[in-house]
Each structure stands twice: as C-alpha cells, then as structure tokens.
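*Asks:* Chains A and B, in that order, are what the protein sequence lines are.
Quick note on numbering: the first sequence equals residues 1 to 307 in the UniProt record's numbering.
Quick note on numbering: the second sequence equals residues 1 to 307 in the UniProt record's numbering.
Derived by calculation from the structure, the hints in this document are not laboratory data.
Mixed in with the good hints, there may be bad ones.
Pairs of lysine-lysine residues, derived as DSS-like cross-links and limited to a Cα-Cα distance of at most 27 angstroms, are as follows [said to hold, decoys possible]:
| id | chain 1 | residue 1 | chain 2 | residue 2 |
| --- | --- | --- | --- | --- |
| 1 | A | Lys125 | B | Lys57 |
| 2 | B | Lys106 | A | Lys9 |
| 3 | B | Lys30 | A | Lys106 |
What follows is a set of in silico ranges between Cβ atoms, one per label pair, in the way DEER data are often shown [what the hints assert, rightly or not]:
| id | chain 1 | residue 1 | chain 2 | residue 2 | range |
| --- | --- | --- | --- | --- | --- |
| 4 | A | Glu244 | B | Phe153 | 51 to 59 angstroms |
| 5 | A | Thr2 | B | Pro156 | 39 to 47 angstroms |
| 6 | B | Ser229 | A | Ala66 | 39 to 47 angstroms |
Residues on chain A that point at chain B, a partial pick, calculated with CB under 10 angstroms [claimed, not checked]:
| id | residue |
| --- | --- |
| 7 | Pro78 |
| 8 | Leu103 |
| 9 | Glu114 |
| 10 | Asn259 |
Built from N, CA and C at the ideal position, the CB exists for glycine as well.
Number of protein chains: 2
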Amino acid sequence: MTTLVFGHKSPDTDSTGSPIIWAWYLNEVKGGDAEAVLLGEPNTEAAFMLDKWTLPKPRIIDAVEAGQPVVIVDTNNPAELPAAINDADITAIIDHHKLVGGLETKGPIDIRIEPVACTATIMYKMIGKDMAQAPAWVKGTMLSCILSDTLEFRSPTTTQEDRAIAEALAQELDVAIPAYAAEMFAAKSDVSAFSDAELLRMDSKEYEVGGKKFRVSVLETTSPETVLSRKDSLMATMPAVAEEDGVDQVLLFIVDILNEESTMLLPNDLTRQVAEKSFATVCGDGDTVVLPGVVSRKKQIIPNLAV
Amino acid sequence: MTTLVFGHKSPDTDSTGSPIIWAWYLNEVKGGDAEAVLLGEPNTEAAFMLDKWTLPKPRIIDAVEAGQPVVIVDTNNPAELPAAINDADITAIIDHHKLVGGLETKGPIDIRIEPVACTATIMYKMIGKDMAQAPAWVKGTMLSCILSDTLEFRSPTTTQEDRAIAEALAQELDVAIPAYAAEMFAAKSDVSAFSDAELLRMDSKEYEVGGKKFRVSVLETTSPETVLSRKDSLMATMPAVAEEDGVDQVLLFIVDILNEESTMLLPNDLTRQVAEKSFATVCGDGDTVVLPGVVSRKKQIIPNLAV
C-alpha cells in the first residue's frame, strides 16, 4: 500500500514541502511507494513555493483509514493530525517540535526529532550523501522550508545547521537568498483572500496556561500595516472563533519579519493582562502593543505566556 | 547541573550499559557533565558485564527532582521511569521501542528511536567517527548490550545493523562472540539468588488485551531446567504478585536461548486459553506448553497475545 507522507493541518511551507522531500527520498532513493499529501490548503507562501519549483499541489486528505501506512512530518501532536491517527500504521516521525505525547505506534519505528528550526534541515542530514541524487526541485523545496521556518535566519529558533544547509543549497541552486526570501515573504504577506476567521486560524496553536485556554495565532508578514488595517474586524471576530474552537481567547501576534517585532492585539482586559504578565511590557490605552524582538511563538511567546 | 543518563526500571544489560556509553560520549566527546545512573539493581547479566569490563556499578536512584536534566535511554514509557519524569528537564531520548505516548518535553529536544534490536546500536551510529576515541570498555559495553538484546543474533528483532556493529566491535576488541555470549548467558541464567516473586518481575512488561491486564514476564536462560525445577512455587506465587501489581494474571515465558523456544507456565484455565489463542498451539494436560521458535516478547509474544 502507498505510504502517505504529511505534515500538520493548516499546512505552512515546511508542512507542505517536507512531505514532498521525503516522498521523493522514499520513492527515488529507497525504492518505495510514497505519496506526499496535505491536511488542508497550503498557505500563500507554500503555494508560492509549489509554483516557483513547478511542483503539482499534493492531494488534500482529511482522514486516514485504519492500517494506512503513514509518515508524519513537522509535528508529533495528535491535535494537528487526523482524528484516527493512532489507528494508522505510523512508520516514521520526523519533527522539530517538543514532544507532546499522545501518538502511539504498534511497534518500534523510526523517530527523529531534533531541536533545529526546520524539518527539512533534519531530512537533509538524514538523506546525507544521497543528496547528490536530489533534483533542483527537492533542493529548492528544502531551501524554501528553511527560509520560511527561520524567517531568513532572523528567528531565534535558527541553528548553525539550518543556516549552513540553507546557504549550501542556495549556492548549488544559484539562488540569492535575500531576493528569494523577499519573494516568499511577500507571498505570505498577501492575506487579501482570507476572511478574518481564516486569518485567526491560519497559523495557530492551542495552549493552556493559568486555567485559561488560548488559541495562539501568529501572522508573519513583511507588511504588518496590511493586517493592522483590519484589526477592528479581526478583534470583532475573535469571540466567535474562540467559542467555536472551545477556547477562552484568541491571541493574535502580527509578526513583522523585517523589523523583528510583533504587534499583539488587545481587544479586552484579559489580553491586556496576558501581554503585561508575559512580556514585561506596559500596555497603554490603545488596542495594540508592540513587542520588540518577538518573532518566534515556539521560543518567545509560548514559553513566556502567563495570565 | 550534572545530566543524569538512565534506562528503565529493572535494568537489564542494555539499560545498564547504554547509560554508561552515553555518559562517556557526553563527557569525553561533547565536553559535558553527565553521570550514568540506574533505576534499580542490574540483573545478573548486566552485573557480569560491569565486572568483565571493570566498570564501577552506577549509582542507583529512585526519583528525579523537578528541573533535573536527564537523558532517557532504552525506553520511552513513563511507567518504566520515575513517577515525576515529566517534571524533569528531559534533554534527549534514545530508544528502540514502540512509541507509547505519555512523555512530554518543555521544548524541542533530540529524540532518536529506531527499529533495531538494541539502544547501543543506535548510539554507535550517533557517535559515528568519534568511535575512534572510544576506549575498550565503551566498545565492550556496546558489544555486551547488542549480544544481550539480540540473544547473540537469534532474536527476530536482530537487524543487519545490530549484527554488523557487534561483529566490528568484537573484531576490534579481539573478543570471540560465541564464547563471550555464552559467558553472558550463563550469568543471566544464574537465578539462584532471586525469590520467585523477583523472578516473576525481573523482565516484565504490563500489557492489556481483551479487557484483561497481564504482566508478561520472560526469563531468558541457557538453562531452562533450572527455572522449570521451580515451576510449582513460581505458579503458586503468581496470584499474590498479580494482586499486588494490579493485574489479572502473570504470564511467564521461560526462553531457552540456545534451543530458540519458550516454555509457558499454565497454572489455570486463563493461561491455557491465552496460550491456545495466541500461539495456535494445543495445551495438553500438563502445566507447561513449549512454543517452538518463540524468543522475543516484542516481536512474537506481545503482538500475538489474545484471550
């Protein structure tokens, strides 16, 4: 049976690209039978990557059958995967997130999790000398994933390995990183096609702290003013999204990639309290607060979150 | 703070040796500060290994403090680890068992799980070219772990990698594998110092199937007759052990390493039923049944267990 390779729901560039890389490796190097699939529509940056490297958009699935062989990449969180994931035949997990517990396998399998910025970085190392066989579109996909997850090396999640591998790939591909990253981030910043509710859920993780459940959403953009021009309707939409998703509050951080800061929306006293307790800042009378240097949910937002 | 490296409770050779290997690597190659410790008394084979390679017996601990940096090897099962393991600072996991879920980490860490027979096999690969610096006692510990977990390559868990690495190590150490493995298995077979209850719990995992909880115990030995001479008192001790440990039944498999078969004890109708349903065998009137070819709990007993 064909092995399905997929990342998390609401696929970003890494969760779109890593399955493509790994399916190539399984098929062309290991002589297997694998297919990259998606658990939802890729975001605009991921769609740009597919277009740039002339890749067909992977098939979108919303469930997996019991016994279906799967490789899970870029997550180990059952909440970000199809409901019956533990009934599938999970054959490998490749990820760079904290272990959350909840995934179970029927026998010992290959699991590789490393504290680097990007799944593609781990895959590059795992593929090793077989990278010599990789076509340009595999290398281009890897480069896109690393530039996306590191915000062109600006994110504090960036390791020497992520950077060195991206630079080696760019050189082989004769791609100028600053220009290519700017194209990617411009694509990610084009959010005109999305509703407010879609923006609030686009890059979002649930997190519980101090007895409160939050949907912690980030929007990485080179054009924060575009998102901020919609802040009133975004804030007006938060209560309905929170209720529908069973959380107490949506927290939205608009990450200004180029200036390396975030703007957090403050629709009410709870968000104001979270901002002050979590980021040692003082909120004025306005409905936003700027958090200098904050660009990473994983390293800077979630670990500091307090109520 | 010193990083503690440990395997599972009731340490066998791999759970005693792998922490020693990894602490050496962290200290001598990575320039860190690590200590191998044990979560209980090593079994007789592990004690033989320590003696053979002139290794001091690691300190035995029964708890870890919150925030204590730890590396977990040879298990990912919270039930086999100290109670408050998720409050420790888990910095890495190296294992070869199925993912059971339950361990959680505060951030992304290094996790390496592979479907090979032995943790030491994975470590050999991870240490890579730095193996050139390894002293004989590190190589001897690795060899011991692999021969133990593979039952000298007899177990169906054995992979080409386990075998090739063990053979390379034996050659470098000028150790004859058959003679050395025979010494190890003789040490493991000396169970005279243990009570019946200790034998029933020595190498045991809990497993639930068909609404029944079992303690699935194996005793790997080159001298099955020694254990079988105690079968009446072992069977008489099963109900008390089962009650104390909160399971319905202890299943004991006496694994004859050299003849590659197991003898299962049949104290009652339930065990008789389990034997017949799980292993397509017919139990006679006796209180034991021989299961030809069955030597691995992981590959042959647990996956087939039925009521």
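*Asks:* Which of the listed hints are broken here?
*Replies:* Those not satisfied are hints 1, 3, 5, 10.
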